[in-house]
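Engineer: Next come the chains, spelled out residue by residue.
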Amino acid sequence: MEVYLDNSATTRALDSVQEMVARVMTEDYGNPSSRHRKGMEAERYIKEARCAIARTLKVRDKEIFFTSGGTESNNMALFGAAMANQRAGKHIISTRIEHSSVYRPLACLEQLGFTVTYLNVDREGHICLEEMEQAIRPDTILVSVMYVNNEIGAVEPVEEIGRRIKEKNPQILFHVDGIQAYGKYEIRPKKQEIDLLSVSGHKIHGPKGVGFLYINEKAKVKPLLYGGGQQRDMRSGTENVPGAAGLGVAAREMYTDFSEKIRRMRDLKDYLIDQMEDLPGIQVNSKRGEGSAPQIISVSFQGVRSEVLLHALEERGIYVSSGSACSSNHPAISGTLKAVGVEKGLLDSTLRFSLGIYNTREELDYTIEAVKELLPVLRRYQRG
Amino acid sequence: MKYQSFLIKYAEIGVKGKNRYMFEDALVKQIRFALGTTEGKFEVTKESGRIYANALTDFDYDDAVAALKRVFGISAICPMVQVDDLGFEELKVQVIQYLDQVYPEKRFTFKVNARRANKQYPMTSEEINRALGEVILERFPELKVDVHRPEVMIHVEIRSRINMYSQVIPGPGGMPVGTNGRAMLLLSGGIDSPVAGYMIAKRGVVIEAVYFHAPPYTSDRAKEKVVDLARLVSRYAGPIRLHIVNFTDIQLYIYDQCPHEELTIIMRRYMMRIAQRIAEKQKCLGLITGESIGQVASQTVQSLAATNEVCTMPVFRPVIGFDKQEIVDIAEQIGTFETSIQPFEDCCTIFVAKHPVTKPNIHIIRKSEEKLSEKIEEMVETAVETAETRICQEQQG
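For the record, the sequence lines run as chains A and B.
Under numbering that gives the first Met the number 0, the first residue of the first sequence is numbered 0, with each subsequent residue one higher.
Under numbering that gives the first Met the number 0, the first residue of the second sequence is numbered 0, with each subsequent residue one higher.
Since the hints were made in silico from the structure, they are not lab data.
Errors might be hidden in some of the hints.
To be verified - Straight line, CA to CA, 30 Å or less: simulated DSS-like cross-link-like pairs of lysine-lysine:
#  : chain 1 : residue 1 : chain 2 : residue 2
1  : A       : Lys-337   : B       : Lys-280
2  : A       : Lys-343   : B       : Lys-353
3  : A       : Lys-57    : A       : Lys-371
4  : A       : Lys-337   : A       : Lys-286
5  : A       : Lys-190   : A       : Lys-89
6  : A       : Lys-371   : B       : Lys-374
7  : A       : Lys-260   : A       : Lys-190
8  : B       : Lys-370   : B       : Lys-280
9  : A       : Lys-207   : A       : Lys-167
10 : A       : Lys-221   : A       : Lys-190
11 : A       : Lys-371   : B       : Lys-280
12 : A       : Lys-165   : A       : Lys-207
To be verified - Reference excerpt, derived from the structure (chain B facing chain A, CB under 10 Å, subset only):
#  : residue
13 : Glu-150
14 : Val-151
15 : Lys-353
As the list claims (entries may be wrong) - Residues on chain B that point at chain A, a partial pick, calculated with CB under 10 Å:
#  : residue
16 : Ile-135
17 : Phe-139
18 : Gln-281
19 : Phe-350
20 : Val-351
All C-beta atoms in this analysis are idealised placements derived from N, C-alpha and C, irrespective of residue type, glycine included.
With the sequences and hints as input, model every part of the structure.
Structural biologist: Dropping the structure here:
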């Protein structure tokens with residue numbers, strides 16, 4: 000049995016996405032900038048995808064810009080907003096649990112003379128709204144907070160953050176890294192006062208190498224890439240037409256029968272947590288209920304190294320990740336787990352199970368059986 | 000300058016008496032293999048104590064030189080220009096052209112060294128030397144002749160065609176792989192063992208390798224890293240047979256039965272035993288390790304003695320007296336360092352005790368191993384029998 004429980008790292012593309020990508024690559028392969036019919040046909044795919052995405056957010060088509068994925072969207076939002084508004088000030092607010100594609104651009108901006116305040120989180124991974132408000136200064140130009148944390152699934156109070164920022168100063172831009180949230184929540188940038196929203200395609204059963212950035216039409220943002228002036232000069236470079244078209248299909252699909260999909264996922268999550276909590280020496284780091292994302296379950300296993308359990312599960316066809324897949328290439332210990340107060344001895348003993356639309360209850364049963372069998376064996380043989 | 004061929008010089012193998020042809024043949028074979036990894040086709044021939052590699056097609060000069068610099072046994076590589084014999088007047092022009100293109104800066108001392116293999120040529124070697132020297136000085140007055148210690152020796156060989164060369168690119172030295180038997184390298188993912196393999200291959204030994212894999216404690220990525228390392232070493236040593244042994248059961252059994260502080264030593268003794276079994280099967284005559292005295296607890300002199308005790312074959316430890324930095328320098332030079340430092344756990348460290356023994360007493364270790372007597376023979380047998388073999392080499396172009 001193969002059980003893929005690493006959907007927050009990436010997902011299997013939908014069949015309809017695959018068909019769309021193949022068709023655009025081999026039949027309607029024109030360059031949208033070409034003046035002939037072939038180019039126009041290609042342009043139509045971009046328009047349709049943009050329209051489908053805009054509808055899922057209730058924003059205008061022209062506020063959607065395709066990028067090469069989540070990392071580019073985050074970079075474009077942060078550098079773009081910082082560069083365009085630096086006359087107004089050089090202070091940025093973010094949190095201690097951001098993904099490296101937010102954290103590293105911020106570190107780079109610090110080197111360029113910007114100041115960044117990093118907000119702490121509580122044991123559930125939530126920032127404190129009062130602390131955020133107090134951090135706002137006259138020269139604050141940007142606040143960047145992730146919607147759903149990729150390691151434990153904590154959901155930040157985005158709407159409340161947006162409201163409080165704008166009450167203090169409507170000029171401050173609000174960026175939300177929505178990479179783990181899009182497709183799982185009904186995000187409403189206009190209502191939630193989000194000016195910039197980053198999304199990645201392959202986390203929602205779309206293609207890799209494509210994503211988008213929503214930019215509020217009133218927000219001042221400088222482009223990251225210069226060239227042929229595509230996408231209204233905001234993001235030069237021939238559009239990734241197959242990718243964008245595939246992303247459009249995935250976006251539409253994720254928000255079709257949306258509540259049913261989410262209810263199913265939440266049931267699976269609660270089921271997995273119930274089963275895990277019955278095992279000895281474990282700690283579930285993700286919460287149940289609305290305060291935590293429906294697809295992410297972080298679990299610490301006392302006396303077991305995550306890497307070893309991960310490979311032992313892999314031998315049985317079960318794929319999970321230790322910490323977050325992006326940061327587990329290098330053995331740096333997870334920042335989020337530390338920030339939410341997971342005790343030191345468990346930091347290196349934590350796995351992330353993440354659900355996608357294809358997972359079933361049988362798969363979870365198989366996984367739990369495997370964990371039950373492995374834990375005593377792995378606990379018997381330890382270092383030191 | 001467009002070179003069409005290389006004259007390849009070799010040093011050590013020149014003195015090997017009656018075995019000489021064997022060494023030369025091995026060198027020719029290794030040169031063919033190395034050039035086979037580059038673009039272009041070459042004809043490699045042996046002619047009166049020298050080896051020529053003639054390009055039959057277009058080729059990438061830098062790639063070809065880089066490939067030759069990895070062939071053990073080569074002492075020098077001379078890129079060579081061949082011209083048709085159109086008479087001495089034309090030869091003067093050809094030599095001037097050659098110098099003008101190869102040396103844009105004309106500030107050096109030189110000497111012409113002609114050799115006349117074609118004795119029908121109307122001038123003697125001495126006459127050619129003098130005549131060409133005059134022409135060169137006339138054309139490039141800033142040059143100077145130095146017959147004792149010239150900076151540039153201009154070789155002109157008169158054969159059916161005429162060869163000219165003056166550049167000498169140092170080769171790696173050593174002896175051609177395949178002239179000195181076969182040995183089994185214990186290859187981990189670390190910095191030292193690839194260097195050890197390289198050094199023994201440099202003495203002409205064909206290398207095979209064994210890697211101990213311990214899933215789920217070590218990952219498939221760690222295994223791929225070792226395959227990558229073997230492939231990097233094969234750029235010098237030729238194709239390497241890598242034997243991948245599943246070591247998990249044996250490790251856990253030792254963990255269950257023996258004192259924890261002795262785990263590493265006992266484990267290493269079993270690694271040596273298994274490596275030796277596979278070596279015997281593969282007709283290897285020795286083992287190779289990257290051990291260096293005192294580097295870690297298992298490499299104190301006492302520990303080395305304890306691991307060595309189980310081996311009947313000679314164990315070659317070419318980096319035994321090297322400091323870490325000296326090993327790193329070689330690893331960087333041969334291009335294995337970057338791969339070696341990728342952070343994947345290897346099987347030596349997964350169960351390491353907080354305070355492993357550093358001065359193991361051989362009698363105590365033997366006693367501890369007795370506790371394994373029930374199952375260990377069978378387990379070693381299984382490990383040897385189920386080893387997976389992969390051939391690691393650079394892709395042929």
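Engineer: Take a quick look at whether Lys-337/A and Lys-280/B sit within 30 Å of each other, Cα to Cα.
Structural biologist: violated, 51 Å
Engineer: For the hint on Val-351/B, does the least C-beta distance to chain A fall short of 10 Å?
Structural biologist: holds, 6 Å
Engineer: Compare the distance between the alpha carbons of Lys-343/A and Lys-353/B with 30 Å, and conclude whether the hinted pair is satisfied.
Structural biologist: holds, 18 Å
Engineer: Is the Cα-Cα distance between Lys-371/A and Lys-280/B 30 Å or less?
Structural biologist: violated, 41 Å
Engineer: Starting from Lys-371/A, check that the Cα of Lys-374/B is at most 30 Å away, please.
Structural biologist: At roughly 27 Å apart (the allowed maximum being 30 Å), Lys-374/B and Lys-371/A satisfy the hint.
Engineer: Lys-57/A and Lys-371/A were given as a pair; does the straight-line alpha-carbon distance stay at or below 30 Å?
Structural biologist: Violated, because 45 Å separates the two Cα atoms, which is more than 30 Å.
Engineer: Tell me if the interface restraint on Phe-139/B is satisfied: Cβ within less than 10 Å of some Cβ in chain A.
Structural biologist: violated, 50 Å
Engineer: Was the hint right that Ile-135/B lines chain A, CB cutoff 10 Å?
Structural biologist: This interface hint is violated because 54 Å lies over the 10 Å limit.
Engineer: With the threshold set at 30 Å, check whether the alpha-carbon distance from Lys-190/A to Lys-89/A stays at or below it.
Structural biologist: Holds. Lys-190/A to Lys-89/A sits at ~27 Å (cutoff 30 Å).
Engineer: Next pair to validate is Lys-337/A with Lys-286/A; report whether the Cα-Cα distance is within 30 Å.
Structural biologist: holds, 16 Å
Engineer: Checking hints one by one. Is Gln-281/B an interface residue toward chain A, by the C-beta closer than 10 Å rule?
Structural biologist: violated, 29 Å
Engineer: Go through the hint on Val-151/B and say holds or violated, using the shortest Cβ distance to chain A against 10 Å.
Structural biologist: Result: violated, 50 Å to nearest chain A Cβ.
In the structure shown, a violation is registered for the earlier hints numbered 1, 3, 9, 11, 12, 13, 14, 16, 17, 18, in ascending order.
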